[in-house]
Amino acid sequence: MAAPATGEGSLLAMIVDADTATGLLLTGVGQVDIRKRANFLIVDDKTSQARIEEAFKEFTSREDVAVLLINQVIAGMIRHLLDAYNKPVPAILEIPSKDAPYDPSQDSVLQRVRFMFGES
Amino acid sequence: MSSQNRYTVTPTVSVLAVMKGRLAGATKGHSLLKKKADALNMRFRQILRKIVETKEEMGKVMKASFFSLAQAKYSSGDFKHTVFDSVDQASVKVRASQDNVAGVKLPKFESVKEGGGAVDSKLGLIGLGSGGKQIQECRKSFMSAIDLLVELASLQTAFLTLDEAIKTTNRRVNALEHVVKPRLENTIAYIKGELDELEREEFFRLKKVQGNKKKHAEAAAAKEAEEAAAAAAQGSGTVANGSGAAGAQQQQQQGDILGVQDADIIF
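Protein sequence lines, in the order shown, are assigned to chains A and B.
Using UniProt numbering, read the first sequence as starting at 1 and increasing by one per residue.
Using UniProt numbering, read the second sequence as starting at 1 and increasing by one per residue.
No lab work stands behind these hints: they were computed from the structure.
There could be a bad hint or two in this list.
Listed below are several chain B residues computed to face chain A (Cβ distance under 7 Å; list not exhaustive) [claimed, not checked]:
| no. | residue |
| --- | --- |
| 1 | L48 |
| 2 | K55 |
| 3 | G59 |
| 4 | V61 |
| 5 | L69 |
| 6 | Q89 |
| 7 | S91 |
| 8 | V92 |
| 9 | K93 |
| 10 | R95 |
| 11 | V112 |
Simulated DEER-style distance windows between Cβ atoms [stated by the list, open to error]:
| no. | chain 1 | residue 1 | chain 2 | residue 2 | range |
| --- | --- | --- | --- | --- | --- |
| 12 | B | S31 | A | R114 | 53 to 63 Å |
| 13 | B | G59 | A | D33 | 27 to 37 Å |
| 14 | A | E58 | B | D85 | 33 to 43 Å |
Virtual Cβ for every residue (Gly too), placed ideally from N, Cα, C.
Using the sequences and the hints, build the whole thing.
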């Protein structure tokens with residue numbers, strides 16, 4: 001569980017739609033290494049679910065990724081993978097997209113938070 | 001019941017001492033773990049509240065960011081392909097550090113900007129033709145969103161880690177309280193009972209031995225007295241008879257026996 005690559009800092013990975021990607025990449029979080037391996041996947045209508053699942057698995061197993069941002073709409077498509085995922089690092093964060101405003105009741109972590117509040 | 005829920009030990013004083021030591025250790029460990037669970041729970045509540053707040057704030061900030069993105073698009077056309085193509089090395093990264101709460105290590109993220117930010121790179125030149133200001137505004141807006149997202153990620157990770165740690169600690173506390181401690185107490189009670197039993201047995205045995213000794217002593221005294229009485233009676237009889245015939249005959253027999261034995265002694 002030791003944070004990998006603490007020295008030079010870790011990356012933010014993204015599985016997002018084109019608009020969110022534009023905004024986020026504008027800040028300079030994107031990285032493409034020598035082997036043309038990017039730390040983001042831009043999802044559009046033509047992207048298959050298998051491709052998203054593959055990207056999710058790749059980002060969650062990469063050593064240099066600390067945070068993975070997923071659009072809530074896309075997260076809904078691979079909900080089964082998200083629910084099965086239980087590692088603390090990389091942290092998975094569901095973010096709103098441009099077309100779909102943020103819906104807290106859909107978030108798997110927030111669901112648990114709500115559950116805790118209701119329970120305790 | 002009590003005979004089942006205990007350790008199988010030989011009931012001796014030394015084992016009793018060992019068990020008492022283990023019980024003291026278990027009690028100490030239980031109270032310490034309980035304190036740890038309390039500390040973790042306190043932190044957990046704090047984080048819980050913060051997560052809910054930050055998530056809601058994130059919703060707002062992202063909305064504002066998308067609005068500024070729309071503005072930038074309106075003023076400079078669709079620039080997303082330019083952005084996608086100019087991605088090279090990440091200038092915004094996440095640094096992970098660790099926070100320690102009652103022995104539980106919580107990963108903590110914070111965003112760091114390297115090399116003077118994206119202004120130096122190709123990204124800074126986007127929108128040079130038109131709408132540059134809007135794009136820079138949009139960039140700033142998303143920058144703050146990223147900061148918030150990283151903070152949220154850190155909170156969320158802490159939440160998951162703490163959740164797991166609290167579960168483990170509670171499990172340990174319960175195991176100590178409901179399994180280990182009763183079992184040790186039962187064992188101690190059992191050993192004490194057995195030791196008491198042994199002591200009573202020992203006491204009874206001693207008493208019995210003493211009684212036997214007394215009986216034997218009495219019997220011996222009675223026999224002695226009887227013999228003495230008999231001897232006295234015999235002595236008085238011979239004296240009364242006055243004839244030494246019986247005594248002489250006895251002596252002769254003894255002499256005979258001695259003679260025979262003498263012959264045997266050669267071997």
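### Query
Going by Cβ atoms only, is L69 of chain B closer than 7 Å to chain A?
5 Å, holds
### Query
Should the hint that Q89 of chain B touches chain A count as held when the rule is a Cβ pair under 7 Å?
6 Å, holds
### Task
With 53 to 63 Å as the target window, see if S31 of chain B and R114 of chain A comply at their CB atoms.
Given about 33 Å between the Cβ atoms, the range is violated.
### Message
Please check whether V112 of chain B passes as an interface residue: C-beta within 7 Å of a C-beta belonging to chain A.
### Response
Holds: closest Cβ of chain A sits about 5 Å from V112 of chain B, inside 7 Å.
### Query
Can the hint on G59 of chain B be confirmed by a CB-to-CB distance to chain A that is less than 7 Å?
Hint on G59 of chain B: holds, closest Cβ of chain A at ~4 Å, below 7 Å.
### Message
Can you verify the interface hint for S91 of chain B: is its Cβ closer than 7 Å to any Cβ in chain A?
### Response
4 Å, holds
### Interface restraint verdict for V61 of chain B against chain A (beta-carbon cut-off 7 Å)
For V61 of chain B, the interface hint is violated, since the closest Cβ of chain A sits about 10 Å away, which is over 7 Å.
#### Entry: Interface hint compliance - R95 of chain B to chain A, C-beta minimum distance less than 7 Å
5 Å, holds
### Query
Does L48 of chain B pass the interface check with chain A, least Cβ-Cβ distance below 7 Å?
6 Å, holds
### Query
Are E58 of chain A and D85 of chain B spaced within 33 to 43 Å by their CB atoms?
22 Å, violated
### Task
Grab the minimum C-beta distance from K93 of chain B to chain A and call the hint holds if it beats 7 Å, violated otherwise.
OK, holds: K93 of chain B within 7 Å of chain A, min 3 Å.
### Task
Classify the hint on K55 of chain B as holds or violated, based on whether any CB of chain A lies nearer than 7 Å to its CB.
Because about 6 Å separates K55 of chain B from the closest Cβ in chain A, which is inside the 7 Å limit, the hint holds.
In summary, the numbered hints that this structure violates are 4, 12 and 14.
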